[in-house]
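**Q** Spelled out, the chains give:
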Amino acid sequence: MYQFVTQRLLQALATIIVVSIVVFLFVHASGDPAALLLPEQATPEDIANLRAQLGLDRPLYIQYLAFMKDFWRGEALKSFRYNLPALPLVLGALRWTLALVCGAMFISVVLAIPLGTLAALRRGSLVDVMIRVVAVFGQSMPSFWVAMLLMLFFAVRFRVLPVSGLGFKHAILPMATLAFFQVAVLLRLFRSEMLEVIHQDYIRTARSKGLREAIVVYRHAFKNAAIPVITMVGLQFAALVTGAVVTDPIFAWPGVGFLMVNSVFLKDYPVVVGAAIVAAVVVTMINLAVDILYGILDPRIRVS
Amino acid sequence: MATLAPKWPAFLIPWKPGILRGRLAGNVAFLVSAALMLLFTFFAIWPQSVAPYDPTVNSLSLRHKPPGFVDANGGVHIMGTDHMGRDVWSRLVWGARASMLVGYTGLLLGGTVGMGIGLAAGYFGGWFDRIAMRVVDAYLSFPYILIAIVWATIIGTDMRNLVVIMAVRGWVEFARVTRGQALALRERDYITAVRALGASDLRIVWRHILANILGPILVVAGFQLGVLILLEASLSFLGIGIRAPTPAWGSMLSDARNYLNQAWWTVLFPGMAISLLVMSANFMGDSLRDRLDPALQGKA
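Residue numbers (the numbering used here), protein chains in the order written: chain L, 452 to 755; chain B, 4 to 303.
If we strip away everything but chain B, and leave its shape as in the complex, we get:
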């Protein structure tokens, strides 16, 4: 069964009737998560257009005001204020920037490196393949957060280091999936045909293999985005991620920890933001996978 030309992946045409039929629930989940993703991206790019207050300005007179509180100037704090009198909703919106920035750049960097390694390992095989796959196995069976903590202790974490930490976590799945796909495609007739026509390895990998595996790669990207956002939040929560005063969801929760019995809203909202974003990323991955591979439908 040779695919002669790179096919446009079917999931990019969401309204094709055959795809929609009988899968309304899946489509609703996809649309909702895509909408949430766009919303969070919007927050990250233009936080000042949504956030009513400066996320770093504190005010002692406004400490721990409950959601819906109206201050002396008539300003409404829909999600209340934190232990330093900062508006929780504004911090939430600005916090999206840190999460998305670190998550997306880490994903992009890790994804590129991982695909490069995976293509080399899968297409050429040999010793490089064996070593790369040992490293991948080691990675998958090890709690990466320990490495991240060691890294943070010794080298420290500024924004750039955090992105590198994310990328060093993120490349693995990309490499694994790319390698598997490249390995399978390498044996296809059309690759032999292209090679017989005199195409170089580089051309085969770029035009005929990479183009045909973009679908599975996007699925991995969806799931990995969730993983990386959770990792960043965990590091920020432990106090070794994004540093104050930059608002980040993880560090907001870390602050809230000391006031559990006074201000439940400082616990509830940042956690919901992280969960929603991660869930959207997972749903995107899930529904992309369903669209790409009908055999997997209905399975977790």
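So here's chain L without its partners, still in its complex pose:
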């Protein structure tokens, strides 16, 4: 088990390093800050001096290490716009994004599991076909379009929910948008896992022992089918954050997406970069937690 956790920890660290290198290279490629900071009449010597002062003449990997050190102290990236360190700004927005994402994930799991079970047990029935058709549609529709359609119906046409802003009622539409896609993904997975499990010998044994169907389904089939779903829940956090980034601006939900997109237009690079790195760390941590949970729940994973 220790070996398993260590291995996963190292993988998570590798992910964060890969992402931070990519982001650093982007910042590096964006141009020479020395030339931007100095007035136009600066001589090449002035530029060279400032470059030395800022450490830009050092080898690239040293610059990267310095960048990461400053980043975690909250000093590397200052928002041009607000003249504040970017990190607290990003963390503030991330809180709202995570609230949406976790809410949406909860709703999706609660909906997907009974529907998936139903689809698997009544395989080929009208219910099954309908659930699958909806799932296929769900995976093909762009999240921002679903968001706009929901808004069109519930906020513009019937005026039951607010269009945009921050608050409990305001969270319903953005959460529903995200959950829509998650339900589709989880449902498909859970259905196929359930189908796999239900045809195993031990299920037949359980039935032939005379156990009630509800017990067979819940105690024997469900528990085994649920394990891969947990991994999927972890993996899907990345997709949910993607969805939140794209749909935040529509609902004016003050999450990471809203912050990033606004910063793009203000050319506030440090905020954009900071948001990307922080989101990478958070998503990786969630994945790590789910992986470890998976290892605890399913001994087979630990061994292999």
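Since the hints were made in silico from the structure, they are not lab data. One thing to keep in mind: the hints can contain errors.
SDA-like, lysine to any residue: derived pairs with alpha carbons at most 25 Å apart [to be verified]:
1) L:Lys-718 - B:Gly-242
2) B:Lys-68 - L:Val-607
3) L:Lys-718 - B:Asn-164
4) L:Lys-718 - B:Lys-68
5) L:Lys-520 - B:Val-138
6) B:Lys-68 - L:Ala-606
7) L:Lys-718 - B:Val-171
8) L:Lys-718 - B:Ile-150
9) B:Lys-68 - L:Arg-610
10) L:Lys-718 - B:Val-167
Just so it is clear, the structure is predicted and the values come from calculations on it, not from any experiment.
Got chain L; can you put chain B on it based on the hints?
**A** Structure of chain B alone, referenced to chain L:
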């Protein structure tokens, strides 16, 4: 179980009776999605032959006219007009060009690179394999759109940059699947046989491995096309993809956002276009997979 010669993948012969039997629904889905794909491709190549109006010409007197509106010159706007009086149907048709161009070229570029990396990793293994697979894992667990936004902010997005952004997203799945397949095939008897005959690594990879994994690669291509089209649409929607005045579905929706209560048709049609195209790509991937692997049949 050695396959001696590269077999022609079965899904390329759709009307073989054994394949058709009892799988009518799957075939209908495949044919419909293939037809939609062809239709959108046609739009992308010859938009001027389908679109009745210039997609960029605006007219204030024609703002937000509902679908079916007939203008003073007797011209019909079957999908209505947008906030600048531009014909929605014409913009939709021209928008296919941007989506397909970015999607297909990104797929081609990403697919080639990904297959190269996957073959090298799977066939030769070693440190390259380990590093490549770490990077793939990192990719799959990370919201790529954040990288795309950073990229767009710092470097900017013209058509060429967009294609590169797509390719940088698209190579991952190709590399993963190619590697897995190459790894499995490497151990087969026929590869040992070919090697004993004195074939070079390059020849083995090209003639005996690549030729045998084209099927799964096509499946990945189907799904990835959908992913890339959605990514392009999302970026255009956020205002950092395809730039005005070039019509793109994502930016059409972005414009429509401000007029939700006035013009539902500007919201409905571009979104339907994206969904249909992505769905066709997914269905193609799905039915190719079913044809290739009967064991997967009926599973999502």
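**Q** Does L:Val-607 lie within 25 Å of B:Lys-68 when you go C-alpha to C-alpha?
**A** 19 Å, holds
**Q** Given the hint that L:Lys-718 pairs with B:Gly-242, test it: the Cα-Cα distance must not exceed 25 Å.
**A** Given that 25 Å is the threshold and the Cα spacing comes to 13 Å, the pair holds.
**Q** Taken at face value, is the distance from the CA of L:Ala-606 to the CA of B:Lys-68 at most 25 Å?
**A** 22 Å, holds
**Q** Is the Cα-Cα distance between L:Lys-520 and B:Val-138 25 Å or less?
**A** 23 Å, holds
**Q** Verify the proposed pairing of L:Lys-718 with B:Val-171, using a straight-line Cα cut of 25 Å.
**A** Holds. L:Lys-718 to B:Val-171 sits at ~23 Å (cutoff 25 Å).
**Q** Take the C-alpha atoms of B:Lys-68 and L:Arg-610, compute the straight-line distance between them, and say whether it is at most 25 Å.
**A** With Cα atoms ~24 Å apart, B:Lys-68 and L:Arg-610 stay inside 25 Å; holds.
**Q** Hint check: L:Lys-718 vs B:Val-167, CA-CA at most 25 Å. Holds or violated?
**A** Given pair L:Lys-718, B:Val-167 holds - Cα atoms ~21 Å apart, limit 25 Å.
**Q** Would you mind confirming whether the straight-line C-alpha gap from L:Lys-718 to B:Lys-68 stays at or under 25 Å?
**A** This hinted pair is violated, its Cα atoms lying about 36 Å apart.
**Q** Quickly compare the C-alpha distance for L:Lys-718 and B:Asn-164 to 25 Å and report which way the hint goes.
**A** Answer holds: L:Lys-718 to B:Asn-164 is near 18 Å, not above 25 Å.
**Q** Can you confirm whether the C-alpha distance between L:Lys-718 and B:Ile-150 stays at or below 25 Å?
**A** 16 Å, holds
Checked against the numbered hints given earlier, the structure breaks only hint 4 and satisfies all the rest.
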